[in-house]
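Engineer: Line by line, the protein sequences give chains U and Y. Counting from 2, one number per residue, gives the positions in the first sequence under the numbering used here. Counting from 20, one number per residue, gives the positions in the second sequence under the numbering used here.
Keep in mind the hints are simulated off the structure, nothing from the lab. For clarity, every value in this text was computed on a predicted model and none was experimentally measured. Think of the CB as a built atom: it goes at the ideal place given N, C-alpha and C, for glycine as much as any other residue. Hints should not be assumed to be uniformly reliable.
Unchecked claim - Below, simulated BS3-like cross-link-like pairs (lysine-lysine); rule was C-alpha separation at most 27 Å, straight line:
| id | chain 1 | residue 1 | chain 2 | residue 2 |
| --- | --- | --- | --- | --- |
| 1 | U | K83 | U | K49 |
| 2 | U | K62 | Y | K22 |
| 3 | U | K71 | U | K83 |
| 4 | U | K49 | Y | K94 |
| 5 | U | K36 | Y | K191 |
| 6 | U | K71 | Y | K94 |
| 7 | U | K62 | Y | K201 |
| 8 | Y | K191 | U | K24 |
| 9 | Y | K201 | U | K71 |
| 10 | U | K82 | Y | K60 |
| 11 | U | K49 | Y | K22 |
| 12 | U | K62 | U | K88 |
| 13 | U | K36 | Y | K22 |
| 14 | U | K7 | Y | K201 |
| 15 | U | K49 | Y | K191 |
| 16 | Y | K201 | U | K8 |
| 17 | Y | K201 | Y | K191 |
| 18 | U | K62 | U | K80 |
Stated by the list, open to error - Anything over 12 Å on all C-beta distances counts as not near chain U; from chain Y, calculated:
| id | residue |
| --- | --- |
| 19 | Q58 |
| 20 | G81 |
| 21 | W124 |
| 22 | A127 |
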Amino acid sequence: MNSQLKKGALDLCVLSLLFRSDKYGYELVSNISEKIEISEGTMYPLLKRIHDDGYVSTYLKESNQGPPRKYYSLTEDGKIKKTVLEKEWYKFTNGVESIIRGDINE
Amino acid sequence: MNKKEFLRQLRYNLNSLSKPEIDEILIDFEEHFIIGEEQGKSEQEISALLGDPRIIAMQFSGTDNVSMNKSAGTKIAAAAGLFCLNFFAVIWLFVGVYATVVGLWASAIAIVFSGAISSLFSVLYPFTKGFANFSFHPLITFLIGLILVLIGLLFANFCIFITKWLVKITKKYINWNINILK
């Protein structure tokens, strides 16, 4: 799959998962790798990037076992970004699907 | 690859980032390994799923991308270097070349102008013979004037070509400067 396309799709996946609830890194990575084939390590640069862009914030929370975990939480900007990316995604995939199906005016 | 080796390779390839950033990234991966092990995975399995630490490091540094994230220090050094290069060499080179082109244009215009005047004066021979000094027969003067106009126009054409080329080079050079500073 085109890496640029995959990057945009993964951004949307992370923002969508965080839209439902705050999650720690490992949780996010395994949620996504359950459904999509990725090198799990590439999720962390993505998380840092959307953190630097101000779409997510982080906080540490104690866990029952082991050291505290870093949780990611969607900011207001992140919520807006998620809505925008979601709209773009549906517009794009609907377009691609209709072309594949062949319902196009030639 | 075990956890220690994975983190070592990651740290080694992250050297373009700041120390606090590197520390934070390593803590994140350490956490990932710890939770993975709690879930019953081995260090080898976890690092295999994570992928190549060198590629991950490249993604952090943004060097897998066209737009590189340069540190503030690199930017300042680049700006200082460019300033020296421009101020001590390139600007003077450009001044010289531009002055030459202006000179070429002036000569082209002068040649066309002198030719035009010669021809015009020969055509108006009966009226101009009082104040114009004809070394040759008016017809020859007319032809010389015409040839001069043609040579001047050819020369002007060449000047247009040179000017366009110079503008292109200048734009390229400015863009190159901007790219370095980005």
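Engineer: Which constraints among the numbered hints does this structure fail? Numbers only, ascending.
Structural biologist: Of the numbered hints, 5, 6, 7, 8, 9, 10, 12, 15, 19 and 20 do not hold.
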